[in-house]
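Visitor: Sequence:
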Amino acid sequence: MTATPPRPLSWPRLLLAAALACASMAPAAAATNAESGYAARHGFAFALLGGVPAHDGEEAAVAQTLAQFGTETDLAIHTGNIKGRDERCDDKTYARRHALLDGSPVPLVLVPGENDWAECDRPAAGQFGPVERLNRLRELFFDPDDSLGMLKLDLQRQSETARFRGYPENARWEYGDVLFVTLNIPGNQNNYRTGAGRNGEYEERIQADASWLRQAFAAATRLKARGLVLAFSADPHFEGRHTVAGGVDPYATLKTDLARLASKYAGQVLVVHGGGTSPDRHRPGHALADHPVKFNGKTLQNVARVAMPAAPGPAHWLKVSVEPGNRDVFRIENANTVLRPPQPR
1151 MTATPPRPLS WPRLLLAAAL ACASMAPAAA ATNAESGYAA RHGFAFALLG
1201 GVPAHDGEEA AVAQTLAQFG TETDLAIHTG NIKGRDERCD DKTYARRHAL
1251 LDGSPVPLVL VPGENDWAEC DRPAAGQFGP VERLNRLREL FFDPDDSLGM
1301 LKLDLQRQSE TARFRGYPEN ARWEYGDVLF VTLNIPGNQN NYRTGAGRNG
1351 EYEERIQADA SWLRQAFAAA TRLKARGLVL AFSADPHFEG RHTVAGGVDP
1401 YATLKTDLAR LASKYAGQVL VVHGGGTSPD RHRPGHALAD HPVKFNGKTL
1451 QNVARVAMPA APGPAHWLKV SVEPGNRDVF RIENANTVLR PPQPR
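My numbering numbers the first residue of the sequence shown as 1151 and each following residue consecutively.
Please note that a few of the clues may not be correct.
Cross-link-like lysine-lysine pairs, in silico, BS3-like; alpha carbons within 30 Å at most [what the hints assert, rightly or not]:
1) Lys1448 to Lys1405
2) Lys1469 to Lys1448
3) Lys1469 to Lys1444
4) Lys1444 to Lys1414
5) Lys1405 to Lys1444
6) Lys1444 to Lys1374
7) Lys1374 to Lys1405
8) Lys1448 to Lys1374
9) Lys1414 to Lys1469
10) Lys1374 to Lys1469
11) Lys1469 to Lys1405
12) Lys1448 to Lys1414
What the hints contain is simulated information worked out from the structure, not anything from laboratory work.
Construct all of the structure, not just a fragment, from the sequences and the given hints.
Guide: Put into structure tokens, the structure is as follows:
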């Protein structure tokens, strides 16, 4: 893979920039969604980042990275962990990171990570209740029906359905001829707790996630989308079972459902998650990308995966291009991405 030079603003985004100078954000949101049709005909690019900032000292560098998105991409996805593991999970930290991400010049959609809520009961994080912090995150980051960023995307949230009203972080949107989907799947064993009677949150959430994933593939099929992007925070360990005490794999439902649904989908699937470990020990902060994904002895020919590094540094991000007419829907352009070596058959 080779790096590509920054591209000029496309005409729809130039119009959006002009609109921002003389109109409220609500018209800008509508205009951004209208750009989706142009993107389907002419292609678009989106940015992936995650695990940043890890502390206050990285905020300025992250702001510079976000500014770069404005010249090279049309939208962005953050795969979670907007704070370091040992940073306090207090409202002050949340508000500061919200302001940072909301300054993105392109629409930005956040996926919650374990550092953001599930591990907030750690002493260094302030010993907050994880569920209480998750609900606070929902209020601050996922309450409106649009994305973060100075330009907005109108999102469809799972909370619009009565049964799953408590899950606004699960979202989807169509851009170009690709359907994007987010799920709340954190990396600390999916918040599975080994103590008896402690898994109400986990059990209810995996039902919500499973329902949202099924709806997403049904929508992608109905829309005849060429591709589906699925984003969440955890590394689900596609290579095998990831068991905790009692032999439970807290990501088993996700992997089984994904394999079944993808096998029936005519388009291509790109799974994006955090917590990845580079196969190159000399470049530990680099991303991992592989295709096809293998799970439970089966090769998922239409599924590719990008794992953002667990400790990327504030300037690391990936650019994914979608170009009409290409056989491969998704193309990762960054030269500093490390491809996983071929896996034994």
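Visitor: Could you run down the list of hints and mark each one as holding or not?
Guide: Here is what the structure says about each hint:
{"no.": "1", "hint": "Lys1448 to Lys1405", "result": "holds, 11 Å"}
{"no.": "2", "hint": "Lys1469 to Lys1448", "result": "holds, 28 Å"}
{"no.": "3", "hint": "Lys1469 to Lys1444", "result": "holds, 24 Å"}
{"no.": "4", "hint": "Lys1444 to Lys1414", "result": "holds, 16 Å"}
{"no.": "5", "hint": "Lys1405 to Lys1444", "result": "holds, 10 Å"}
{"no.": "6", "hint": "Lys1444 to Lys1374", "result": "holds, 25 Å"}
{"no.": "7", "hint": "Lys1374 to Lys1405", "result": "holds, 23 Å"}
{"no.": "8", "hint": "Lys1448 to Lys1374", "result": "holds, 25 Å"}
{"no.": "9", "hint": "Lys1414 to Lys1469", "result": "holds, 28 Å"}
{"no.": "10", "hint": "Lys1374 to Lys1469", "result": "holds, 24 Å"}
{"no.": "11", "hint": "Lys1469 to Lys1405", "result": "holds, 25 Å"}
{"no.": "12", "hint": "Lys1448 to Lys1414", "result": "holds, 14 Å"}
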